[in-house]
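Chemist: Dock chains X and L against the given chain U, drawing on the hints supplied.
Residue numbers (numbering that gives the first Met the number 0), protein chains in the order written: chain U, 0 to 222; chain X, 0 to 151; chain L, 0 to 125.
Be aware that a few hints might be false.
Said to hold, decoys possible - If you want the footprint, here are the derived chain U segments under chain L, 3+ residues with CB under 8 Å:
#1 18-29
#2 196-204
As the list claims (entries may be wrong) - Simulated coverage check for chain U against chain X, where a stretch passes if three residues somewhere in it have a Cβ under 8 Å from a Cβ of chain X:
#3 64-76
#4 176-188
Unchecked claim - Label-pair ranges, simulated between beta-carbon atoms:
#5 X:Phe96 with L:Thr65: 50 to 60 Å
#6 U:Gly90 with X:Val91: 51 to 61 Å
#7 U:Val92 with L:Glu73: 43 to 53 Å
#8 X:Asn9 with U:Asp123: 50 to 60 Å
#9 U:Arg76 with X:Asp66: 33 to 43 Å
#10 X:Asn9 with L:Asn122: 27 to 37 Å
FYI, nobody ran anything at the bench for these hints, they're computed from the structure.
Idealized CB from N, CA, C, for every residue including glycine.
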Amino acid sequence: MDPILILLLAMLGFMLIGSLIAIETRDLLSSVICVGAVGFGTSLVFLLLGAPDLAITQVVVEILVLVVLVRVVITRRDETHATSRSTLPVGVVLLALGVMAAVVFGALAGGPEEGALRLRPFGDPLMSAEVPAAQLAPAGRPDLAPAGTCSASVGGAFLEQGLAQSEASRGTGAANYVMGVLLDYRAYDTLGEATVIFVAVIGAYAVLRKVGRSRHAGNESDR
Amino acid sequence: MQGMSLIVKNITRVVAGFIILFGAYIVLYGHVTPGGGFAGGVILAGGLALVVLAFGEEFARNVLTHDVARLADSMGALLFLLVAVLGFMGGVFFTNFLPLGDVGALLSAGTIPIANLGIGIKVGAGLFGVFLALAAFRRATSGGSAAHGRLP
Amino acid sequence: MTLQMVPYMLTFLLLVAGLYAIVAKRNLVKVIVGILILDYAANLLLVLTGYRTPPAGQAPVAPILTGGAAQAQELAATAVDPIPQALVLTSIVIGLSVAALVVALAVRLYEKYGTFDTELMRNLKG
Chain U
0 MDPILILLLA MLGFMLIGSL IAIETRDLLS SVICVGAVGF GTSLVFLLLG APDLAITQVV
60 VEILVLVVLV RVVITRRDET HATSRSTLPV GVVLLALGVM AAVVFGALAG GPEEGALRLR
120 PFGDPLMSAE VPAAQLAPAG RPDLAPAGTC SASVGGAFLE QGLAQSEASR GTGAANYVMG
180 VLLDYRAYDT LGEATVIFVA VIGAYAVLRK VGRSRHAGNE SDR
Chain X
0 MQGMSLIVKN ITRVVAGFII LFGAYIVLYG HVTPGGGFAG GVILAGGLAL VVLAFGEEFA
60 RNVLTHDVAR LADSMGALLF LLVAVLGFMG GVFFTNFLPL GDVGALLSAG TIPIANLGIG
120 IKVGAGLFGV FLALAAFRRA TSGGSAAHGR LP
Chain L
0 MTLQMVPYML TFLLLVAGLY AIVAKRNLVK VIVGILILDY AANLLLVLTG YRTPPAGQAP
60 VAPILTGGAA QAQELAATAV DPIPQALVLT SIVIGLSVAA LVVALAVRLY EKYGTFDTEL
120 MRNLKG
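Excised from the complex, chain U in its bound form:
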């Protein structure tokens, strides 16, 4: 059996236990620290799956999240004993979520063999399949198509053509293919991401601003 798969299953089990503790514990500080453990576990899994970019980013993001959350929680004690909502029975919520997960997972994992929306077995991505390379030709120039076969997924095509400098396909020239995809092939994604960060930062500023509607102490309701 594949040792990487065993390690992966062990790490996923650790993360599952950590997340359950984080959700169910009464103490908010322990909850935050457990979610930190889950985040560092995610980083290790990324490293295990051959994604060092993601591992670096996840570690640093986790540190920042942990600093902010611990700072928020450590000075604000909140002694609430009932942790679940009184209006929603826990059993109903768990049943609904379980049915939803089973249906989605069943649809993804057990679909038709040739369907487009189907999870392939772990370790055998779509890019391992091969199709005729004529699909790579630019629009209107079928004579520029390379001969033979190419990968069935876009990721495989990016890997194969990443360094090409011909008329038919110009690669990025970046040794780190992830950065090539992120900032050249799919740079619109990155533009949208920058916009999302901008909006989130503006929202946080607006929520936390000190100069706001002034409130006369005592003679006005809290609204």
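Modeler: Below, chains X and L without anything else, positioned relative to chain U:
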């Protein structure tokens, strides 16, 4: 909040420069080695957050202010957009119009290092700005009682 | 159900755990924790779909060229998929900024009501 103990301050003096340097390295070499603008930007924000935590709010108010963070945030976004618009020299938005160079060299891959720099500055400044807002907010409320915490 | 599907299943369980915390918990910090766990699970699911089993006896190959241009063909035959990694890289940072925004909202609510409990907030007539 007036900073942490002497030990924390001294360690921060030694370490903070290296953290910033590591973040800059991760940003600049993003197209050659693992890393890139996102990871490097978050590392920069983490290093600056360490400085603010160790030296306290006074330091943040004098040196690393909201205005600096906001300015750097906008400058990073503008740099990225400038790279995108200059792509019209090659025909369309976001074209990689610079020569590609040798694989693995620092000056290679066309516009990717410049875009990486813009993204790194933008992510670092944006996240550091949010952190600064959270830290300053806590200082404002922990002084008096919660009801009178909001400053006029 | 083969062993090859078990990682996906565990990730789905993680996703359900995060969703459960968002729906059923009344403490705002627990809701933030649920959002974070949901984020991790979604990222993991994407990266898992791009993994390619390396040749026997070797470690997984990251899509990064370390040995110069001569190595490119070999890398294209063995490396894992770079597309999900690029998507998840943006998703992680977006998750961080969204978490910061939610924390800011929670801190603001605590300042107003003196508690993180959403049901108590409702009783206090906000």
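Chemist: Out of the numbered hints, which ones does the structure contradict?
Modeler: 5, 10
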